[in-house]
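Asks: This is what each chain is made of:
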Amino acid sequence: MPATTKNSFQLVSNGILNENPIFRLALSMCPAVGISTTVMNGVLLGIAVLFVQVFSSCTIAAIKNYIHPRIRIPTYTLTIATWVTVIDLVLAAYMPTAYKEMGIFVKLIVAFAIITMRLETFACKNSVQASFWDGIGMGFGFMFGMMALGLVRELLGMGTILGYDVLGFRPLLFFVLPAAGFFCVGLMMGLFNYIELTYNRKKKGT
Amino acid sequence: MRIAPRAYLFPVLFLIAGFLLAGCGSDHRFVKKTAFQDTNAITIEFAGPVEGSWATDKSNFTVYEKPDPDIQLIIEDIALGPDKRRVTLTFKDDLNQDQPHVVTTTDIRSERRSLRPAILTVKKLYLGHLLSIFIGAMIISNFVFTKYLGLCVFFGTSQRKSTAVGMGITFTMVIVVSAMMAWFLYQFVLKPYRLDFLQIVVFIGLVSLSVQAVDTILRKVNPALFKAFGVYLVLVIANCIIIAVPLILADNEYNAFESLMLAVGAGLGFLIALFLMSSVRERLDLANVPPTFRGLPIAFVVAGLFALAFLGFSGMSIF
Amino acid sequence: MKEIIRITFGLTLSCLVAGLLMGSVFIITDEAKKQNEQINEHRTMMALLGYDKQNPAPSDFNMHTFYRYIIQEGDVKTLGYLLPVGRGEEVGYDLVILDLEGQFVRKEKVGLTPEAAAEASERKAALREVLPPSKSFTYADSTTVACLGDKRMAYLIPGEFPGFKTFIEVMMAVDPSFEVIGLEIMEHEEDPGLGAEIEQDYFKNQFDGKSFDQVKGLKVIKEPMPEAYREYLESETSEETIPKEAVDMVRRQYQDEDIYALTGATISSQAVTAGVKNMMKKFAYRVEILNDVISHQDIPVVF
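Chains as they are written, first to last, in the working numbering: chain A, 1 to 206; chain B, 1001 to 1319; chain C, 2001 to 2303.
For the record, the hints were derived by calculation from the structure and aren't laboratory data.
Don't take each hint at face value.
20 Å max Cα-Cα, derived PhoX-like pairs, lysine-lysine [to be verified]:
hint	chain 1	residue 1	chain 2	residue 2
1	C	Lys2124	B	Lys1191
2	B	Lys1066	C	Lys2077
3	C	Lys2033	A	Lys100
Derived coverage of chain B by chain A (criterion: at least 3 residues anywhere in the stretch with Cβ under 8 Å from a Cβ of chain A; other residues may be distant) [what the hints assert, rightly or not]:
hint	segment
4	1096-1109
5	1149-1162
6	1201-1213
7	1301-1309
Here a beta-carbon is modelled for each residue, glycine too, at the ideal position from N, C-alpha and C.
My request is simple: use the sequences and hints to build the entire structure.
Replies: Structure follows, in structure tokens:
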């Protein structure tokens, strides 16, 4: 893929809509299912992923000319692992309650396919600036995906949003359970597919 | 694909025998076995007959839970078996059998001789503990359906039974190798030097190394196997479970056997999940699914149903 | 050949840079982590005793912590208590060694200040100076005593026990007659919406006010909680005002009852009840022995 010609705004919106990591690219689904029980969790993990994505993209873009092609993958892995450790330590120290909620998933960011893939397909071919905006786009895309899921699950499961009691009762506690994460992601993917199908049909029709 | 079963039989039997013996051994030559009985009793079996007057005297025994040596449990009754080798201590309150208990005795009197006092540890069978970790990792907290890890690869390779089984087996092999190496490094390098924060980097490095190692070994040892599974090896790296297992065993401070059980359980659990999923998906391909749901969305819904089913296992504790 | 050297060199360099970055972040954040933990614990303890921003503690309020160690030499085990004692104007620490039957063995002066004693590594170093190398020691637990002036107001006991998922960490406040003042769940990994409800007032406030004998025989009832009881339990922290007679009537009615389990979380409820029972029994046993020794040996403890 040659270097991109999009400007920063297009890069960011690309990450959020066209190439949304969770719903379109179908990557990094583990946290989408497991952690999206509340909106707050989604926001926090989204921020962590944003941080790792942006910093890794920028680092790789900055040193892309010095990376020997044979050790590409280990270099990506090392970069991601370093930044994940950094954010892990920072979160554990400054936001201990939030960190406990997310449990092992912060450390698992290192295994998210989305970050490695993004480095491979984008960061190693583009400038630092472009990679920065792309990273932001991807990170926000991930965060919005998690927030959307979290919104549905928290509202239907506990009747609250961000901890504020909105409904006053709990419609379907089932949605807080892990199994419901699968259902929600599946249904949302179906929704996205439906939107795309009707959009394409309309485009073809006009 | 046939792995010679007989070659693996001997080492497995040896391991099991080792576990059983390890659980049975005791710390005194004259005491053969100690065990919990019912909810509030401990039995001690001696190698020879003991004197009735010594055995039924409560003041000759002190019992406490291992972490609380200053709180002695009250013995309500002592019974001596008819062959005079078996002593049963019954307690007032139910015993907390998850904690190892320590029984100390005064000089054991047997057949007019006086032997050394004994300090015995009573705990639930170690093999039981290991098996409970194994079954826990495999079914009760199945990594895919209960812990939602490894989903990307899960959905990617569960379309056909053959790919699913192949991925599952490759994965089990890699995870056992990398978990053992991770345990080794954690215990002997990271912990003593307080380098805990390097866990993530070290473990992912290990994973890459194990993938490389399994790749090379398979190529040489069993090329047919390699041709069948080689392509999945690369996918293993992007799997959350492969990082989660070393992190969990570092967090819980498991020893070598427990780590092995965790790794094998995780691998087999993944295999089971993949197999179940692929069986369903093969049929789904032939079913009449609405266009917006075809492919991944319906697969997620099916996974949700499986997760619900596996929820039924939660809270199970066999040993 | 040259390529392999270049590759290795590049990799090693990157590893070193990465290591440096992580190491420095670790050093910076470790301090902050410990501080945050201590602040959190302190705030929980004050909340358990009923003090917060609107209701600050009186000026003669004080908290002192003593630590218990198990000392082992060969096969013989003894208990060591690190007690804060008054030495003139200052507070120092003494190591009081008891045997397993609760008999006093000996007392040693230990070079620790209350601030240093909060660090496990400092305590370990101080103990190492006082005990011969043949004795090994392991940390058992700690208890904080809250005092108003000279009188003991409450004991704050941290505890950990297995729950439904992994472990549940709690902090319990008991008064000198071992009646429960309050229970706070510090850490747990239970399911949200099910086992995690043990954090809610309507579950954990059930333990408030139960006497020592009641706690010893506490059981779990698997029935739905009466609505009046639930309102009363949540009223302690809600803004609604319920008339005092109604509150007293509900309290008298339900004081002697066992613990109502959470819907869908029987195992978690049982785990917390069993854990609290065990903690209370062991603590009461030990504190009575300790108080005996303190009075017989005239140890000048500050609490």
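Asks: Checking against the hints above, which ones are violated?
Replies: 4
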